[in-house]
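So the sequence lines, in the order shown, correspond to chains A and B.
Note that the first sequence covers residues 1 to 215 in the numbering used here.
Note that the second sequence covers residues 1 to 215 in the numbering used here.
Hint data in this document are derived by calculation from the structure and do not stem from the laboratory.
Do not take every clue at face value.
To be verified - Here chain B is said to cover these stretches of chain A; the calculated rule only asks that three of the stretch's residues, wherever they fall, bring their Cβ under 8 angstroms from a Cβ of chain B:
id : segment
1  : 13 to 26
2  : 50 to 61
3  : 148 to 155
4  : 194 to 206
Claimed, not checked - Partial chain B-side listing against chain A, Cβ under 10 angstroms, derived:
id : residue
5  : Gly15
6  : Tyr63
7  : His166
8  : Leu176
No residue lacks a Cβ here, since even glycine has one placed at the ideal position from N, Cα and C.
Chain by chain, the residues:
There are 2 protein chains.
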Amino acid sequence: MSIVRVAAFSISLDGFGTGEPQTLEEPFGHAGQRLHDWLFPPETGGETRVRYGLDGALSMASYDDGTVGAEIMGRRKYWPYPGPWTDESWKGWWGDNPPFHTPVFVMTHHPHESIEMEGGTTFHFTDGTPAEVLAKAREAAGDKDVRIGGGPTIVREFLKAGLVDHLHLVVAPIVLGRGESLWEGLEGIESQFDISATSSDRPGFVHQFWQRRVA
Amino acid sequence: MSIVRVAAFSISLDGFGTGEPQTLEEPFGHAGQRLHDWLFPPETGGETRVRYGLDGALSMASYDDGTVGAEIMGRRKYWPYPGPWTDESWKGWWGDNPPFHTPVFVMTHHPHESIEMEGGTTFHFTDGTPAEVLAKAREAAGDKDVRIGGGPTIVREFLKAGLVDHLHLVVAPIVLGRGESLWEGLEGIESQFDISATSSDRPGFVHQFWQRRVA
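Construct all of the structure, not just a fragment, from the sequences and the given hints.
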């Protein structure tokens with residue numbers, strides 16, 4: 001059955017999904033890459049996703065297991081600045097062959113032509129409520145899952161709207177102090193889910209799995 | 001060697017160590033007992049500390065292993081309301097024989113006579129900086145450890161002052177949304193510690209161990 005899921009979404013101990021300010025040089029602001037050290041181990045250069053162990057398996061399950069048919073992301077995951085588009089040549093952070101290999105729906109109030117990339121990724125730019133954008137993504141995904149790719153604002157909005165079936169969170173042992181909170185306005189959201197947790201292979205990091213309760 | 005430690009201190013996913021408002025009826029406010037479900041399992045009535053498994057061992061290590069010689073707690077852990085004392089007959093939440101069995105230093109700006117309880121617990125009421133109160137507690141503890149008992153304000157102040165050697169945190173799978181944050185003002189505090197994590201026996205709960213790095 002096709003589900004809506006958040007995969008490998010990392011937050012700090014104080015609940016921030018990104019630091020600040022977000023820029024082209026530092027897409028996660030003062031957080032740098034630290035929230036994702038479990039996924040891109042700094043001791044291997046910080047550019048290769050982990051392949052082995054529990055973390056490797058969860059990385060594969062998040063990106064490479066063939067179950068995802070479409071992704072939804074926020075404008076600021078695609079391009080760090082708010083407001084009208086200022087660089088029409090920008091095609092995301094991920095090079096010519098992005099790791100999505102599916103249609104990607106970028107939520108934005110500012111119209112933009114679709115961009116077809118190598119390897120099956122096409123960026124579409126769309127306005128609308130979470131439910132409206134999800135309807136488009138579901139249609140594109142067919143029988144496969146829809147991944148809510150972040151950032152924190154987007155994950156929060158989809159959680160708030162009750163649209164997430166499964167959430168794989170990673171809690172990093174970092175106190176960011178500031179940035180964009182995943183939890184703001186979500187008091188009590190846990191009551192909709194069964195939650196389990198297990199430690200990452202990386203000391204101090206924790207994987208959490210939120211499975212929506214069957215009504 | 002005698003160390004200063006925080007033991008079995010529970011926080012929500014969004015970093016709150018208690019809900020609000022704190023009252024005699026609900027000492028943790030809207031959080032109720034949920035932050036401590038791992039320690040006082042609701043399925044056994046919610047009044048008995050867990051005795052078995054990993055959680056049982058960590059409960060014992062927090063309270064009953066004989067290594068603690070003095071406790072420091074905040075005024076609001078002892079009595080939930082701010083301001084001058086209004087009930088001189090109050091002797092804490094813990095009955096005639098509190099679980100501390102050591103001197104307990106309650107940090108308050110409002111003077112109060114010491115109270116000797118059964119079983120070795122004596123409540124002392126003291127003003128002063130964290131370092132000043134710690135000096136008193138260390139003297140009382142002799143060769144044993146000093147436990148920083150909470151609430152969140154006190155743990156935060158001792159962390160900020162660099163006075164905590166070991167911190168055992170428990171992260172509960174709850175989004176409280178409001179209350180008293182452990183993390184406020186502690187940006188980057190993790191860099192002083194080596195941190196590991198392991199899942200609790202209770203689904204979704206996680207134990208974190210913060211060990212101060214040797215300089």
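Results for each hint:
1. 13 to 26: With 3 residues in contact (Cβ-Cβ under 8 angstroms with chain B), the coverage given for the segment 13 to 26 of chain A holds.
2. 50 to 61: n = 0 at 8 angstroms, threshold three: violated.
3. 148 to 155: violated (count 0)
4. 194 to 206: holds (count 11)
5. Gly15: holds (5 angstroms)
6. Tyr63: With a minimum Cβ separation of about 23 angstroms from chain A (threshold 10 angstroms), the hint on Tyr63(B) is violated.
7. His166: Constraint on His166(B) not satisfied, violated at 14 angstroms.
8. Leu176: holds (7 angstroms)
When each numbered hint is compared with the structure, violations occur for hints 2, 3, 6 and 7.
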